[in-house]
Structure formats: structure tokens, C-alpha cells
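> Chain B: place on chain A using the hints.
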Amino acid sequence: QKEVEQDPGPLSVPEGAIVSLNCTYSNSAFQYFMWYRQYSRKGPELLMYTYSSGNKEDGRFTAQVDKSSKYISLFIRDSQPSDSATYLCAMRTTGGSYIPTFGRGTSLIVHP
Amino acid sequence: DAGVTQSPTHLIKTRGQQVTLRCSPKSGHDTVSWYQQALGQGPQFIFQYYEEEERQRGNFPDRFSGHQFPNYSSELNVNALLLGDSALYLCASSVDNQNTIYFGEGSWLTVV
Numbered sequence: 041q042k043e044v045e046q047d048p049g050p051l052s053v054p055e056g057a058i059v060s061l062n063c064t065y066s067n068s069a070f071q072y073f074m075w076y077r078q079y080s081r082k083g084p085e086l087l088m089y090t091y092s093s094g095n096k097e098d099g100r101f102t103a104q105v106d107k108s109s110k111y112i113s114l115f116i117r118d119s120q121p122s123d124s125a126t127y128l129c130a131m132r133t134t135g136g137s138y139i140p141t142f143g144r145g146t147s148l149i150v151h152p
Numbered sequence: 562d563a564g565v566t567q568s569p570t571h572l573i574k575t576r577g578q579q580v581t582l583r584c585s586p587k588s589g590h591d592t593v594s595w596y597q598q599a600l601g602q603g604p605q606f607i608f609q610y611y612e613e614e615e616r617q618r619g620n621f622p623d624r625f626s627g628h629q630f631p632n633y634s635s636e637l638n639v640n641a642l643l644l645g646d647s648a649l650y651l652c653a654s655s656v657d658n659q660n661t662i663y664f665g666e667g668s669w670l671t672v673v
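From first to last, the protein sequence lines are chains A and B. Count along the first sequence from 1, then add 40; that gives the number in our numbering. Count along the second sequence from 1, then add 561; that gives the number in our numbering.
The shape of chain A in the complex, shown without the other chains (with noise of 0.2 Å):
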């Protein structure tokens, strides 16, 4: 099983639909969950971070962390077009390696 788990997709959705992106985990000790985009052929953009549970909002995109469930969303309202993109969740725990590890990412289309 690997640590950090995330539906490749691809997910597909018409242009203004709210958008759900999620990723489990195993790893207990994760505190620091952080969510990238990656356009294609372009290097990962962070968009949030968050520190253990609770939410955190900026703009249209929304992160969520579940540590009882070991389970953190992204959702993003009002999507579009220019949203396409890969979006991977990362996550690293607060003490020994500072290194997140990574989702393999989900394909997001948003279709006009």
C-alpha cells in the first residue's frame, strides 16, 4: 500500500460545477497537507497548504483535512476551463524529513 493515495481520474466536468479532489493516507504522523496543480509539460504550482485538521479557503478553492479519517479534499467552486490541470496532494510530517511525499496526481478537464 502506498502512503499517499489519489485517483488518477481523468475527472471530467462541465464548466461552473463544484469540484471534489481527495486523497487517503497511511501515515499517522503527516501534519503539513498541501495541494499542487500541474499544468501539462509545466513543473508543480503550489496552491495550499494547511496544518493538521480543519479547513482553509482561498478564493474558490477550499481545503479540507480529515486526520481521523486520513483523508484530505480540495474542492474548488465555480470551475473553469483555465482549471484543467493535474492536482497533487502532498503531505510531510513536522519533525525528521521535511520532504513531502506526493500523490500521483488527478487529471482534471473542464469542459466549456
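In case anyone wonders, no lab produced these hints; they're calculated from the structure. Note that the structure is a prediction, hence the values are computed from the model and not measured. We put the beta carbon where it would ideally sit given N, CA and C, even for glycine. The reader is advised that the hints may include incorrect statements.
[Stated by the list, open to error] Computed beta-carbon distance windows for the label pairs:
#	chain 1	residue 1	chain 2	residue 2	range
1	A	Lys96	B	Gly577	46 to 52 Å
2	B	Gln578	A	Arg100	42 to 48 Å
3	A	Lys82	B	Val656	31 to 37 Å
Below, chain B without anything else, positioned relative to chain A:
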């Protein structure tokens, strides 16, 4: 302000050859990490350099080596290339071990 820059952007090598990839971190960043991203997979951590020393290493063979220079720029060297080394190689920079890491556009390596 230039972000993380990597060179070359694309290259093709033959099995058994050696390759050197280069990275200049974002201005003010002192920590450089290298990742390998195979098609359809998330980035896999290779190693991290800080103060010209390899600080952490992922599960990669000794064929993968690196260097960090006094100006914080870095190189990744891969010897005895295998077909399985074909991937996108990403450089990421940060200020020490902060969560906000910035990725470059990557170097696409194809081994034939």
C-alpha cells in the same frame, strides 16, 4: 524576480550514457531538492542539498549524484542511464525547510 530555472528543457540520451541537469534556485532560496516524475506519477524525491551538502536522500541508487555550488545552484548527474530513467526531472527550491517550495519547469529526459 526569476523563479527556479532548469536546463536543458529536453534531451535524449542513449542507454549507458551519463547526463547532467542544472538548476538555479529562486532568488533568496538556499535549499535545492531534486525530484523524478515518471509519466502519470507524482514526483519522487531524489535528494536535497543545503549549504553545499547532501542533507537527505530518497530511495535512488548511487548512479544519481548531485552537487550544490556556493551560489546555491545545483546539478543532478545520472550515470549509466537506463531506459527506466526516462522521466521529467524537477528541481525545487525553498528557504531551508519551509513548506513553500517552488518548482522549476523541469528537464525532460528520454533514454533510448
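> Against each hint, give a clear statement of whether it holds in the structure.
Results for each hint:
Hint check: A:Lys96 to B:Gly577, Cβ distance near 48 Å, so the stated range 46 to 52 Å holds. Checked against the given bound of 42 to 48 Å, the beta carbons of B:Gln578 and A:Arg100, roughly 46 Å apart, stay inside it. Between A:Lys82 and B:Val656 the CB atoms are about 22 Å apart, so this pair departs from the stated range of 31 to 37 Å.
When the structure is compared with the earlier hints, a violation turns up for hint 3 alone.
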